[in-house]
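Read top to bottom, the protein sequences are chains A and B.
Here the first sequence is numbered in the numbering used here, starting from 1 and rising by one per residue.
Here the second sequence is numbered in the numbering used here, starting from 1 and rising by one per residue.
No lab work stands behind these hints: they were computed from the structure.
Incorrect hints may appear among the rest.
[Claimed, not checked] Okay, the calculated bits of chain B under chain A, using three or more residues with CB under 8 Å as the criterion:
(1) 42-54
(2) 61-69
[Claimed, not checked] Ranges between beta-carbon positions, derived for each pair:
(3) A:G106 with B:V28: 36 to 46 Å
(4) B:E37 with A:S98: 18 to 28 Å
(5) A:P109 with B:E56: 28 to 38 Å
(6) A:Q65 with B:H29: 17 to 27 Å
(7) B:E37 with A:P51: 33 to 43 Å
(8) A:Q32 with B:A53: 27 to 37 Å
(9) A:E94 with B:P73: 10 to 20 Å
(10) B:D26 with A:A34: 10 to 20 Å
(11) B:E71 with A:E103: 15 to 25 Å
[To be verified] The following residues of chain A were derived to be distant from chain B, with all beta-carbon distances above 12 Å:
(12) Q8
(13) D11
(14) E31
(15) D60
(16) G106
(17) V107
Using N, Cα and C, we set each Cβ at its ideal position, and we do this for glycine too.
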Amino acid sequence: MTEQPPNQIRDAIAQAIGENPVILFMKGTPEQPACGFSARTVAALQSLGAPFAAVDILPDPRIRQELSALSQWPTIPQLFVNGELVGGADIVAEMYESGELAETLGVEPSEAPPVEEPVVGARPMGIENRLS
Amino acid sequence: MPTADDVKARIEANIPGATADVQSPDNVHFSARVVAEAFAGLSRIQQHRLVYAAFEGELGGEIHALQLKTETP
Numbered sequence: 001m002t003e004q005p006p007n008q009i010r011d012a013i014a015q016a017i018g019e020n021p022v023i024l025f026m027k028g029t030p031e032q033p034a035c036g037f038s039a040r041t042v043a044a045l046q047s048l049g050a051p052f053a054a055v056d057i058l059p060d061p062r063i064r065q066e067l068s069a070l071s072q073w074p075t076i077p078q079l080f081v082n083g084e085l086v087g088g089a090d091i092v093a094e095m096y097e098s099g100e101l102a103e104t105l106g107v108e109p110s111e112a113p114p115v116e117e118p119v120v121g122a123r124p125m126g127i128e129n130r131l132s
Numbered sequence: 001m002p003t004a005d006d007v008k009a010r011i012e013a014n015i016p017g018a019t020a021d022v023q024s025p026d027n028v029h030f031s032a033r034v035v036a037e038a039f040a041g042l043s044r045i046q047q048h049r050l051v052y053a054a055f056e057g058e059l060g061g062e063i064h065a066l067q068l069k070t071e072t073p
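Okay, chain B solo, but in the shape it has when bound (with noise of 0.2 Å):
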């Protein structure tokens, strides 16, 4: 099961430079914030949809929910 950390790293790795602020109350549910560069002159659905391709297959299963909220720094 992943935990808050392996969500953070996840997120972090697939996009450079971002910064993901990640809590979990159950290793189910997820709560993250992202900073990054690179959602500049991004909708708020490409934006969410660049996280997400962290997890391919896992959101809806592992991972049952991913709030997400998006920024740019």
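In isolation and in its complexed conformation, chain A is listed as follows (with noise of 0.2 Å):
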């Protein structure tokens, strides 16, 4: 794996976003996020009850930084649906709380609060373990 050159890494995760109709990129897995935005994140997808991909970045860091090179956007965690950047942590946020969020995942709005119990189902990808 170390002798992948990042164009490589890129094409993994640009092929991951494709194939994944909800994809978010993170610090952690959705079990143990590693880092409080990217809980935050979780938290409001699983409360959506929205199935979605999950990668952790943490591995490598250069899936982070190809996904940045990638999507322009320099933060982690990264949301994209259907291949688009929704946002990050604060914007999923708003969105979650307008309503935006549901729409957008195409589920109803949830009535509670986002909560940090694991949902069945959200599964960590290693974006690493493609690439062997």
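Take the two lone chains and join them into the complex the hints point to.
In structure tokens, the structure reads:
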């Protein structure tokens, strides 16, 4: 994996974004977020019951570099829906509260505040595992 | 290490007409509310990108986090 040139990482990221209608790039996993901003974003998605793919960017610093180069967005987390960057933690939180997130995801708005409990079905996906 | 005032000045210098209200408990994590006419007609993503552009390469580094809320006047 260490011999992978960066553009292959970028291709793998682009492919993951293309293959998953809802995909979250985050620090840690939905079960164990490694950053409060990632945790908040996961909680918003989970409280809407929307299935999503998740990629932990921490195992290899190049994932973050290439993701930010691709998305032109400097921070983590990053939520993509249907191939488009929706936003980071702040935008997702704003959209959650206004009901726009549910609309974007095509689910019913949740009346409860975001919950911290993990939801079955949100499995982490390791980009690094796809690069061997 | 940048202070909240530094971050406010950077944002206001980079976005003409912008007013930024910036808080930081530790000069590493920042929270900013930015009001600018320049945001009119832009998506939230584009509005945040305008602000991020003032901090080329520093977000995630010296500035660990910049919590952002953007509005038009």
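Okay, the hints, checked on the actual structure:
| no. | hint | result |
| --- | --- | --- |
| 1 | 42-54 | holds (count 5) |
| 2 | 61-69 | holds (count 5) |
| 3 | A:G106 with B:V28: 36 to 46 Å | 37 Å, holds |
| 4 | B:E37 with A:S98: 18 to 28 Å | 22 Å, holds |
| 5 | A:P109 with B:E56: 28 to 38 Å | 37 Å, holds |
| 6 | A:Q65 with B:H29: 17 to 27 Å | 22 Å, holds |
| 7 | B:E37 with A:P51: 33 to 43 Å | 40 Å, holds |
| 8 | A:Q32 with B:A53: 27 to 37 Å | 33 Å, holds |
| 9 | A:E94 with B:P73: 10 to 20 Å | 18 Å, holds |
| 10 | B:D26 with A:A34: 10 to 20 Å | 19 Å, holds |
| 11 | B:E71 with A:E103: 15 to 25 Å | 21 Å, holds |
| 12 | Q8 | 23 Å, holds |
| 13 | D11 | 23 Å, holds |
| 14 | E31 | 22 Å, holds |
| 15 | D60 | 15 Å, holds |
| 16 | G106 | 19 Å, holds |
| 17 | V107 | 20 Å, holds |
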